[in-house]
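Chains as they are written, first to last, in the UniProt record's numbering: chain A, 1 to 220; chain B, 1 to 220.
Hints in this document: simulated from the structure, not taken from any laboratory. Worth double-checking, as some hints may not be accurate.
Which copy? The list can't say, so a pair holds if one copy fits it or any two copies do.
[To be verified] Straight-line distance between alpha carbons at most 20 Å, and here's what the computed EDC-like set of lysine to aspartate or glutamate pairs gives:
| # | residue 1 | residue 2 |
| --- | --- | --- |
| 1 | K12 | E26 |
| 2 | K121 | D193 |
| 3 | K50 | D108 |
| 4 | K107 | D163 |
| 5 | K12 | E157 |
| 6 | K180 | E136 |
| 7 | K182 | E36 |
| 8 | K85 | E39 |
| 9 | K107 | E138 |
| 10 | K85 | D193 |
| 11 | K5 | D118 |
| 12 | K5 | E144 |
| 13 | K182 | E136 |
| 14 | K12 | E138 |
| 15 | K121 | D163 |
2 protein chains.
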Amino acid sequence: MRRPKIPEAAIKRLPVYLRVLEEMQEQEVPIVSSAELAERTGFSPEQIRKDLAYFGAFGTRGVGYDTALLRRRISRILGLHQGVKAALVGAGHLGYALARYSLSKHKDVQIAAIFDVDPLKVGTRIGDVVVRSVSELEQVVRQEGVKIGIVAVPASEAQRTVDALVSAGVEAILNFAPAKLKVPEGVFLQNIDLTIELQSLAYYTSASQVEEDEVRVEQP
Amino acid sequence: MRRPKIPEAAIKRLPVYLRVLEEMQEQEVPIVSSAELAERTGFSPEQIRKDLAYFGAFGTRGVGYDTALLRRRISRILGLHQGVKAALVGAGHLGYALARYSLSKHKDVQIAAIFDVDPLKVGTRIGDVVVRSVSELEQVVRQEGVKIGIVAVPASEAQRTVDALVSAGVEAILNFAPAKLKVPEGVFLQNIDLTIELQSLAYYTSASQVEEDEVRVEQP
Numbered sequence: 001m002r003r004p005k006i007p008e009a010a011i012k013r014l015p016v017y018l019r020v021l022e023e024m025q026e027q028e029v030p031i032v033s034s035a036e037l038a039e040r041t042g043f044s045p046e047q048i049r050k051d052l053a054y055f056g057a058f059g060t061r062g063v064g065y066d067t068a069l070l071r072r073r074i075s076r077i078l079g080l081h082q083g084v085k086a087a088l089v090g091a092g093h094l095g096y097a098l099a100r101y102s103l104s105k106h107k108d109v110q111i112a113a114i115f116d117v118d119p120l121k122v123g124t125r126i127g128d129v130v131v132r133s134v135s136e137l138e139q140v141v142r143q144e145g146v147k148i149g150i151v152a153v154p155a156s157e158a159q160r161t162v163d164a165l166v167s168a169g170v171e172a173i174l175n176f177a178p179a180k181l182k183v184p185e186g187v188f189l190q191n192i193d194l195t196i197e198l199q200s201l202a203y204y205t206s207a208s209q210v211e212e213d214e215v216r217v218e219q220p
Numbered sequence: 001m002r003r004p005k006i007p008e009a010a011i012k013r014l015p016v017y018l019r020v021l022e023e024m025q026e027q028e029v030p031i032v033s034s035a036e037l038a039e040r041t042g043f044s045p046e047q048i049r050k051d052l053a054y055f056g057a058f059g060t061r062g063v064g065y066d067t068a069l070l071r072r073r074i075s076r077i078l079g080l081h082q083g084v085k086a087a088l089v090g091a092g093h094l095g096y097a098l099a100r101y102s103l104s105k106h107k108d109v110q111i112a113a114i115f116d117v118d119p120l121k122v123g124t125r126i127g128d129v130v131v132r133s134v135s136e137l138e139q140v141v142r143q144e145g146v147k148i149g150i151v152a153v154p155a156s157e158a159q160r161t162v163d164a165l166v167s168a169g170v171e172a173i174l175n176f177a178p179a180k181l182k183v184p185e186g187v188f189l190q191n192i193d194l195t196i197e198l199q200s201l202a203y204y205t206s207a208s209q210v211e212e213d214e215v216r217v218e219q220p
């Protein structure tokens, strides 16, 4: 795949633009300026123009972007125009919440399969999707053409799960297990570690102690 | 509070350093080089030296950092040395997963209170913590000295929840509701939007279409 080097932070902003553009299209706003996008997303107009220019989307100076065209463009860049299939592994509370949320909210990333090891869960449904045994993972993922894997299993099972997903053809993985995982080159791995999120949040409270006169950490 | 301007990305790396330093202390490694930290965290040695220097932590050239001192330093920077209390609002599947996970895994950010609107949930326990009615939120948060709020309520309830947390003295908020929320200056808001995570993941799959010869989005 040829593609420009785009910072991850810019990719993360694309779905936000998409959401705003969908709203504006529903409100039948035909043209949108970077200033309006800034107002609705909270990003700066400069940031927005820079992000969109990565993908060859240039507004007309003093006019703006064609709402429908820009929406379609971003949708294709993200690969959402034709829908992308995802598989969820791990139907515990977190997995259940993710599945329920994803199944109800958006069709462009579709949870096409759910797997768990627990025989009591196998055969039950979350929304319209039947939970299957992990033993069927590789076959189903390959058959369904699943491209995204969501890992919500315990840390001890995470690497094994990732290996199975990758071997079945998954190209991008969203991992919630608190484990340092290895993927082969060409597979994208995004970790969401809730411990890290919570711990780093504490920095922004008055509990944080950054004193200028603190002793330097040095070897004697 | 006086504090240096530190990029958010650097703050997010601190808990990772902390985890590695804890491991190394358990393994009784007295001194750690930036190369070893790089090996164990996956970040580059240059990145690590730069991050730690923000906080006045300088290793000795060719030797490294004192493991115990550096761990203590990072713990204080993050405000975790004395423990930080968090309150969770919303005990649905996501909230339940967050609470169970946080309650079992780490003591430095402690979930001190859980709230829900559902009378069937109020009075039940998650781990050792009793779920209380949202009507008690402000009083309990103030009483307990809670500094962090975790929002796992539906989008329609999110702003009201955040307002109540802020008014009770919460200083940093981790929000899982897919809503654009307002907080007053001085309160830190971190959003984790699972739709955005999933949608941006699709960019890294073969579904993404970034063609160089694609038509530019322009006004005629």
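Hints versus structure:
1. K12 to E26: neither (23 Å within a copy, 37 Å between copies)
2. K121 to D193: Result: close neither inside a copy nor across copies, 25 Å intra and 27 Å inter.
3. K50 to D108: neither (25 Å within a copy, 40 Å between copies)
4. K107 to D163: neither (27 Å within a copy, 32 Å between copies)
5. K12 to E157: Neither: 28 Å inside a chain and 25 Å across chains, both beyond 20 Å.
6. K180 to E136: For K180 and E136, neither the intra-copy (25 Å) nor the inter-copy (39 Å) Cα distance is at most 20 Å.
7. K182 to E36: between (41 Å within a copy, 18 Å between copies)
8. K85 to E39: neither (32 Å within a copy, 34 Å between copies)
9. K107 to E138: neither (23 Å within a copy, 38 Å between copies)
10. K85 to D193: between (23 Å within a copy, 19 Å between copies)
11. K5 to D118: This pair counts as neither: shortest intra-copy Cα distance 42 Å, inter-copy 47 Å.
12. K5 to E144: neither (30 Å within a copy, 48 Å between copies)
13. K182 to E136: neither (22 Å within a copy, 45 Å between copies)
14. K12 to E138: Answer is neither: 29 Å inside a copy and 34 Å across each miss the 20 Å cutoff.
15. K121 to D163: neither (22 Å within a copy, 38 Å between copies)
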